[in-house]
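Enquirer: For the record, the sequence lines run as chains A and B. FYI, in the working numbering the residues of the first sequence are 168 to 292. FYI, in the working numbering the residues of the second sequence are 23 to 168.
Hints were generated in silico from the structure; no laboratory data involved. Just so it is clear, the structure is predicted and the values come from calculations on it, not from any experiment. One or more hints might be untrue.
Claimed, not checked - Taking beta-carbon pairs under 8 Å as the criterion, some of the chain B residues facing chain A (in silico):
#1 Arg25
#2 Arg45
#3 Lys47
#4 Tyr65
#5 Ala69
#6 Glu72
#7 His83
#8 Leu84
#9 Val85
#10 Asn86
#11 Leu153
#12 Asn156
To be verified - Result set (PhoX-like, lysine-lysine): computed pairs, CA atoms no more than 25 Å apart in a straight line:
#13 A:Lys250 <-> B:Lys163
#14 B:Lys34 <-> A:Lys177
#15 A:Lys263 <-> A:Lys242
#16 B:Lys143 <-> A:Lys177
#17 A:Lys177 <-> B:Lys166
#18 B:Lys134 <-> B:Lys47
#19 B:Lys163 <-> A:Lys263
#20 B:Lys160 <-> B:Lys143
#21 A:Lys177 <-> B:Lys134
What the hints assert, rightly or not - Computed beta-carbon distance windows for the label pairs:
#22 B:His112 <-> A:Tyr215: 26 to 32 Å
#23 B:Leu153 <-> A:Pro259: 41 to 47 Å
#24 B:Glu139 <-> A:Met210: 44 to 50 Å
#25 A:Asp220 <-> B:Ile71: 25 to 31 Å
#26 B:Lys160 <-> A:Arg266: 32 to 38 Å
#27 B:Arg25 <-> A:Leu185: 22 to 28 Å
#28 A:Asn175 <-> B:Asp161: 38 to 44 Å
#29 B:Arg25 <-> A:Ile173: 32 to 38 Å
#30 B:Glu144 <-> A:Asp260: 29 to 35 Å
#31 A:Asp220 <-> B:His112: 36 to 42 Å
Just so it is clear, CB atoms sit at the ideal spot from N, CA and C, and this is done for glycine as well.
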Amino acid sequence: MSQVSIPNVKIAVIDGDLLVRDFVSTVLMYCVNRDVLSFDNGMAAWRYLEGADSPDIIISEVDVSGLNGFELLAKFKEKHPAKKCLLMSANPDDEKVARDSGADAFLAKPVSVTDLFRVVEAFVV
Amino acid sequence: MLRVGPSSGEIKNMSDEDIFSSRLKLLIIMAKSYLIGCPIGKYRKQAIIENSRWVFYHSLHLVNKMVSFKDQDLKAQAGIAFTDDMHEEHIFYQRIQLLAVMAKALAEGRLKGYFREKALKENLNRICEALIFNFNVKDVKFLKVA
Chain A
168 MSQVSIPNVK IAVIDGDLLV RDFVSTVLMY CVNRDVLSFD NGMAAWRYLE
218 GADSPDIIIS EVDVSGLNGF ELLAKFKEKH PAKKCLLMSA NPDDEKVARD
268 SGADAFLAKP VSVTDLFRVV EAFVV
Chain B
23 MLRVGPSSGE IKNMSDEDIF SSRLKLLIIM AKSYLIGCPI GKYRKQAIIE
73 NSRWVFYHSL HLVNKMVSFK DQDLKAQAGI AFTDDMHEEH IFYQRIQLLA
123 VMAKALAEGR LKGYFREKAL KENLNRICEA LIFNFNVKDV KFLKVA
């Protein structure tokens with residue numbers, strides 16, 4: 168696992184569940200003291216992610232409408248290979264697929280505050 | 023690949039209770055960080071206010087649910103008030119609401135003075151005792167910079 172430091176980090180959260188999306192965004196906003204982007208489906212996220220002002224880190228639920236998490240991971244890594252893509256899931260079978268697909272992290276649900284702190288420690292500071 | 027979260031056998035979708043519990047723990051961390059002097063920047067302030075509001079309104083909803091259960095019990099069992107457990111639970115949710123108000127005040131720079139900070143510490147301690155939540159904020163280095 169690489170230890171990196173990203174100044175003025177830009178993060179996007181993609182999850183169809185509003186409660187989870189808002190929770191993850193709030194924790195990350197507090198941790199990094201930066202605004203955090205959020206999207207409720209993969210297609211809306213991709214329209215933004217393919218632009219020049221793309222986030223440094225995306226955290227996407229696997230089971231999301233439009234483009235699912237694995238499709239988003241493949242497109243994002245193809246366009247921005249150096250940037251980080253983290254996948255969240257409530258399905259244990261998704262962990263191996265995430266690993267094989269080149270995800271930088273797998274967040275098993277339910278995600279806790281301390282899990283998100285570990286993510287920030289690993290990828291941001 | 024970094025892997026965080028519960029083991030494979032415990033993976034599940036996040037329920038409303040999971041979210042409430044996680045947001046409450048986040049609120050505790052936010053308040054504890056303030057008490058040890060961690061800086062509050064623009065977006066941290068926004069995150070504290072958002073989280074305080076969320077926890078306040080959802081704990082209010084939980085209290086209302088308890089009261090409606092109590093009323094049904096009273097109708098059925100005339101004259102029987104809260105059991106000790108229900109009373110404790112009621113107080114616990116009141117303490118959570120107080121913590122939410124205090125956290126919003128600290129984010130807005132209104133929680134000033136020795137006794138207000140003492141009240142915040144005492145309230146935090148009581149809530150943490152009930153939750154059995156013992157998180158050491160001093161171990162989180164990134165909270166010390168804004």
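Enquirer: Taking the earlier hints as the rules, which of them does this structure contradict?
Expert: Of the numbered hints given earlier, those the structure breaks are 7, 8, 9, 10, 11, 12, 14, 16, 19, 21, 22, 23, 28, 29, 30 and 31, listed in rising order.
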